[in-house]
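Chemist: Which chain is which? The protein sequence lines are C and L, in order.
With our numbering, letter number 100 in the first sequence gets 140, and the count goes up by one each step, no holes.
With our numbering, letter number 192 in the second sequence gets 232, and the count goes up by one each step, no holes.
In case anyone wonders, no lab produced these hints; they're calculated from the structure.
Incorrect hints may have been included.
Copies of one chain are not kept apart here, so a pair can be met inside one copy or by any two copies together.
[Claimed, not checked] Below, computed lysine to any residue pairings styled on SDA-like, alpha-carbon distance capped at 25 Å:
#1 Lys250 to Glu297
#2 Lys243 to Asn303
#3 Lys45 to Lys191
#4 Lys85 to Phe44
#5 Lys186 to Glu146
Letter by letter, the chains look like this.
There are 2 protein chains.
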Amino acid sequence: MNSFKKGWFTERNELWPGMCISLEVDQVLYEGKSKFQEILVLQTKTQGKALVLDGIIQCTENDEFSYQEMISFIPLCSHPNPKKVLIVGGGDGGVAREVAKHPLVESVDQVEIDNDVMEVCKKFLPGMAVGLSHPKVTVHVADGFKFIAEKKQFYDVIITDSSDPVGPAVPLFQQNYFQLMSEALKPNGIVCSQAGTFWSSRKFVTETYKTVKKVFPAAGYAFTTIPTYPDGVIGFALGSLNPDISFKDPVQTFSDEELDRLNMKYYTSDVHRAAFALPKFINDTFR
Amino acid sequence: MNSFKKGWFTERNELWPGMCISLEVDQVLYEGKSKFQEILVLQTKTQGKALVLDGIIQCTENDEFSYQEMISFIPLCSHPNPKKVLIVGGGDGGVAREVAKHPLVESVDQVEIDNDVMEVCKKFLPGMAVGLSHPKVTVHVADGFKFIAEKKQFYDVIITDSSDPVGPAVPLFQQNYFQLMSEALKPNGIVCSQAGTFWSSRKFVTETYKTVKKVFPAAGYAFTTIPTYPDGVIGFALGSLNPDISFKDPVQTFSDEELDRLNMKYYTSDVHRAAFALPKFINDTFR
Numbered sequence: 041m042n043s044f045k046k047g048w049f050t051e052r053n054e055l056w057p058g059m060c061i062s063l064e065v066d067q068v069l070y071e072g073k074s075k076f077q078e079i080l081v082l083q084t085k086t087q088g089k090a091l092v093l094d095g096i097i098q099c100t101e102n103d104e105f106s107y108q109e110m111i112s113f114i115p116l117c118s119h120p121n122p123k124k125v126l127i128v129g130g131g132d133g134g135v136a137r138e139v140a141k142h143p144l145v146e147s148v149d150q151v152e153i154d155n156d157v158m159e160v161c162k163k164f165l166p167g168m169a170v171g172l173s174h175p176k177v178t179v180h181v182a183d184g185f186k187f188i189a190e191k192k193q194f195y196d197v198i199i200t201d202s203s204d205p206v207g208p209a210v211p212l213f214q215q216n217y218f219q220l221m222s223e224a225l226k227p228n229g230i231v232c233s234q235a236g237t238f239w240s241s242r243k244f245v246t247e248t249y250k251t252v253k254k255v256f257p258a259a260g261y262a263f264t265t266i267p268t269y270p271d272g273v274i275g276f277a278l279g280s281l282n283p284d285i286s287f288k289d290p291v292q293t294f295s296d297e298e299l300d301r302l303n304m305k306y307y308t309s310d311v312h313r314a315a316f317a318l319p320k321f322i323n324d325t326f327r
Numbered sequence: 041m042n043s044f045k046k047g048w049f050t051e052r053n054e055l056w057p058g059m060c061i062s063l064e065v066d067q068v069l070y071e072g073k074s075k076f077q078e079i080l081v082l083q084t085k086t087q088g089k090a091l092v093l094d095g096i097i098q099c100t101e102n103d104e105f106s107y108q109e110m111i112s113f114i115p116l117c118s119h120p121n122p123k124k125v126l127i128v129g130g131g132d133g134g135v136a137r138e139v140a141k142h143p144l145v146e147s148v149d150q151v152e153i154d155n156d157v158m159e160v161c162k163k164f165l166p167g168m169a170v171g172l173s174h175p176k177v178t179v180h181v182a183d184g185f186k187f188i189a190e191k192k193q194f195y196d197v198i199i200t201d202s203s204d205p206v207g208p209a210v211p212l213f214q215q216n217y218f219q220l221m222s223e224a225l226k227p228n229g230i231v232c233s234q235a236g237t238f239w240s241s242r243k244f245v246t247e248t249y250k251t252v253k254k255v256f257p258a259a260g261y262a263f264t265t266i267p268t269y270p271d272g273v274i275g276f277a278l279g280s281l282n283p284d285i286s287f288k289d290p291v292q293t294f295s296d297e298e299l300d301r302l303n304m305k306y307y308t309s310d311v312h313r314a315a316f317a318l319p320k321f322i323n324d325t326f327r
């Protein structure tokens with residue numbers, strides 16, 4: 041366990057040099073190595089359980105809902121009828137949990153390369169992994185890139201819940217991946233990919249946005265706050281085959297009562313709209 | 041210097057248990073003790089220089105503009121004619137720099153209790169301290185609480201740029217302070233106070249919002265993202281003597297060209313509106 045001080049886990053990565061966050065740890069619940077990565081589950085003192093892959097915090101029980109709700113409901117509520125959805129990655133099951141909840145979604149394919157991550161999450165993070173066994177969801181243990189290459193005009197929405205662009209996830213940020221996704225979409229389909237923090241990954245965020253813009257007739261970038269990710273924010277790159285889409289104006293909105301029934305903790309229609317209002321310094325790079 | 045590991049500064053505080061951020065340090069530029077607090081200035085590896093008071097990061101050159109622009113321009117652009125402004129605290133000068141920039145502002149009083157902080161910032165953080173010597177700004181070295189008690193119907197906008205609610209800043213979050221501010225305001229005046237993170241200080245944020253609501257006919261809460269503050273976010277509690285105000289709709293807006301001329305890096309009119317779209321979990325506590 042990467043540690044600055046006994047009893048604390050410290051996240052350090054070349055992507056975010058010079059700054060890091062640490063979580064106080066009560067107990068290491070699991071530590072193992074799959075075919076693809078090192079897997080660590082921690083019982084933290086104040087953030088609930090944490091899933092760590094190759095030394096990077098993927099989610100903690102305390103704030104995961106922000107990421108999972110936003111990466112799911114922003115694209116789903118931007119689409120008039122998101123019946124068939126594909127999730128690439130997302131082994132913890134949190135995105136599947138959110139996507140399956142959406143009333144218009146009929147079926148979800150999830151393709152995750154690392155079965156060990158899903159098994160570990162079923163055991164230690166059932167609050168997220170519950171998504172993997174939802175009746176709407178079919179899990180495929182496979183390479184997302186190859187899986188998508190075989191699908192043509194099949195999905196309404198594709199969500200890429202990948203780890204960061206180092207190691208195994210690198211291909212999921214490149215132009216040919218976005219190209220394959222665009223071919224796997226039905227007319228007017230939408231993609232939404234995890235796309236970094238505009239604070240310390242400004243160059244990467246801008247490049248990803250521009251890649252999406254090359255491939256799709258419409259592109260957008262939104263973000264949410266989440267304390268246990270670097271800089272406390274994470275962004276989403278969105279592309280649509282519908283050139284007239286306005287991502288920031290959800291075509292489906294939910295009342296407070298409906299949001300309560302859906303057990304939403306972060307997402308509201310106002311939050312959806314606001315997620316596209318970017319700081320001037322990053323907006324300027326998109327011009 | 042509080043350190044988890046040699047060469048790193050680690051922020052730890054009872055307000056945010058179980059989680060902390062660390063900055064890699066190239067050099068300690070200043071370390072001293074004023075009548076009120078311990079003052080530390082660090083040259084960090086990737087976040088520019090950092091000002092640290094009593095072990096808490098107050099600002100770094102890399103991201104300070106987010107906080108300074110938002111705590112200033114949200115109240116100023118919510119007021120039709122913010123001629124006379126008071127800043128309480130804000131010894132680094134960053135808020136004064138932003139407030140003085142606003143075209144409708146004619147004069148600014150700044151009351152800071154700790155002269156040493158201002159002197160240290162003039163020497164090591166001139167990019168912020170420049171605000172303290174702006175011709176519109178008059179600096180008073182005094183207790184903000186007492187200073188305000190002597191002013192009646194005097195200011196259009198009062199901004200409280202305090203440290204966190206431990207130690208010397210505690211009174212600046214209490215009801216009688218908001219009461220005194222309401223009396224120091226002209227009709228339709230506005231206050232804006234630093235008011236914590238809704239992630240780990242949810243109870244405090246809710247209490248502060250409710251305190252403002254007790255004293256003012258209109259209350260609001262907005263936030264911005266800032267990587268070197270706890271959770272990567274910081275909020276602002278707003279109160280107005282104008283019961284019909286809608287804080288989220290700025291009465292002054294600026295074009296992209298005007299924002300460029302004002303050297304804004306974070307604030308835009310869209311960002312202003314979006315800053316009031318709160319995650320459902322915190323909005324629910326305000327109902």
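Chemist: Each hint: holds or not?
Modeler: Tested hints:
no. : hint             : in the structure
1   : Lys250 to Glu297 : between (38 Å within a copy, 23 Å between copies)
2   : Lys243 to Asn303 : between (35 Å within a copy, 21 Å between copies)
3   : Lys45 to Lys191  : neither (48 Å within a copy, 50 Å between copies)
4   : Lys85 to Phe44   : both (16 Å within a copy, 17 Å between copies)
5   : Lys186 to Glu146 : within (24 Å within a copy, 63 Å between copies)
Consistency note: the structure conflicts with earlier hint 3 alone.
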